[in-house]
Amino acid sequence: MILPQPQHLERRDGAYALTNATTLRADDASGPAADALRSALGPATGFTWGPPSDPASAAGITLTVDAARHGPEAYSLTVTSDGIEIIGGDAAGVFYGVQSLRQLLPADAFSSSRVDRTWEVPAVSITDRPRFGWRGTMLDVARHFMPKAFVLELIDLLALHKLNVLHLHLTEDQGWRLAVEKYPRLTEVGAWRPETLVGHAHRPESEYTFDGTPHGGFYTAEDVREIVAYAAERFITVVPEIDMPGHMLAAIAAYPELGNGFKPAEVWKRWGISEQVINLEDSTLDFCRDVLAEVLRLFPSPYVHCGGDECPKTEWKASESAQRRIAELGLADDSADPGGDTRTPEDALQAWFTGQMADYLAAQGRRFVGWDEVLEGGGPARLPDDVVVMSWRSEAGGIEAARGGLDVVMAPCQHVYFDYYQSEDHDAEPLAIGGHIPLAKVYAYRPIPGELDAEAAAHVLGAQAQLWTEYVPTTEHAEYMLFPRLCAFAEAVWRDGSGEIDAYDVFVAERLRPHLERLDALGVNYRALD
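Its first residue numbered 1, the sequence shown is counted upward by one per residue in the working numbering.
Just so you know, these hints were derived from the structure itself, not from any lab.
Some clues are possibly wrong.
[Stated by the list, open to error] Cross-link-like lysine-lysine pairs, in silico, DSSO-like; alpha carbons within 30 Å at most:
id, residue 1, residue 2
1, K263, K313
2, K317, K148
3, K182, K148
4, K148, K313
5, K441, K313
[Claimed, not checked] Simulated restraints, written as ranges between beta carbons of each label pair:
id, residue 1, residue 2, range
6, A67, E275, 50 to 56 Å
7, E188, A58, 20 to 26 Å
8, D156, S81, 54 to 60 Å
9, G435, E455, 31 to 37 Å
10, A68, E510, 17 to 23 Å
11, D359, D66, 26 to 32 Å
Because the structure is a prediction, the values reported are computed rather than measured.
Here a beta-carbon is modelled for each residue, glycine too, at the ideal position from N, C-alpha and C.
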């Protein structure tokens, strides 16, 4: 009935009839949830729902925050023939109660136009809470730019599924998507590529063909403020990612002095990993801090993602400047981490760079998030204590980081990479990067690896699904890759694991199939189950 499945739901006799005469009362903290309820159900029902004319009389719908009753993001939802009451442990909890209330109504309630029918909410008693505080979705807007309108629509869909983090991957070799006032060429030059590779990158370069069509776009400061505010109203944190020190070819194309000078730089029109990375001169570190300063002004998120993945060391090995920095820092003789694993001086150099950016963010009251490659410079002991590791190549990096006392977000490509094929029959699917992650595999995912003891498991903040867009050029294609897998992921990060988890076929029959009717009403281009 409700997706993600509540921790406790008891069906009772009767129903509550919603009419235009229904009244709604909300305390101050529940104001955003009340606005969300009116906004969500108003188009289909035509109802506006004001407060009772008599302050002493009971309302048909009551929304209240009571931290003594529930914890953060938790709520109770009670429906009787006399009315509806939602009590949340905080404002977010009330909001999630509203999302569950929406799903108690027929799928017609999700229509954007008026539906002439009666509206009844079945009588239920629900108590619910999330297992994880980080329930994230990453959208890569750098490989293929996604317009602001789509980002806002996606935020609404994340909120419906009680997901609370939108990670925007804003910069890449193939495009820079954030306007930075101090460095206008980042978007004048870096936001645009002349053309894009046609077909798969996993073939000889001699066979490459390109579409001949320029591609680009970026978000202005005003766009970002609108996205961030829209997400905040729906209790979603927008986590920005500025990838560094690798995946920065678009920035180097805009400002060549950031590079190592071995060959000319242009915004990349192909996929893969470019060996052109930034140098680590003082002026380049200042550039990185300047960009992060702009990010901090625009994004209030306590977390800032700085990438750190897939950074080839080829140029640093050949660069006199990089080798001089290695010598100055004494990294040439520092070739083993505390666990005894060998590393190159260039690995240590990246670890030093990570520390520089993490220290800068910490001084501004923010936390550095990096992909699991940030561990390669010597493991958790070499990183500041407040760094968050996002484990993507497998769960191994997350396990290492959690055991080393660092907080972790699990994002393993084997389970939650939604740019992978949804079927083993690749010819029946749109072009994808490879792999195979069917819906059932996502539903079965457990964010806490069994190898972790209770102390280490406490460092797992949650999990995140990723949609990389090398092969996802349109918003319709993005929806197809996200849904319905994101529905299964929402359950994976909401359920607390204290009780028995429904079998996959029960999930599909009892919750997902009815839920797809809601997505139909919302116009979502999801992949059909059959």
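Legend entry - Hint numbers not upheld by this structure, sorted from lowest to highest: 2, 4, 5, 7, 8, 10, 11
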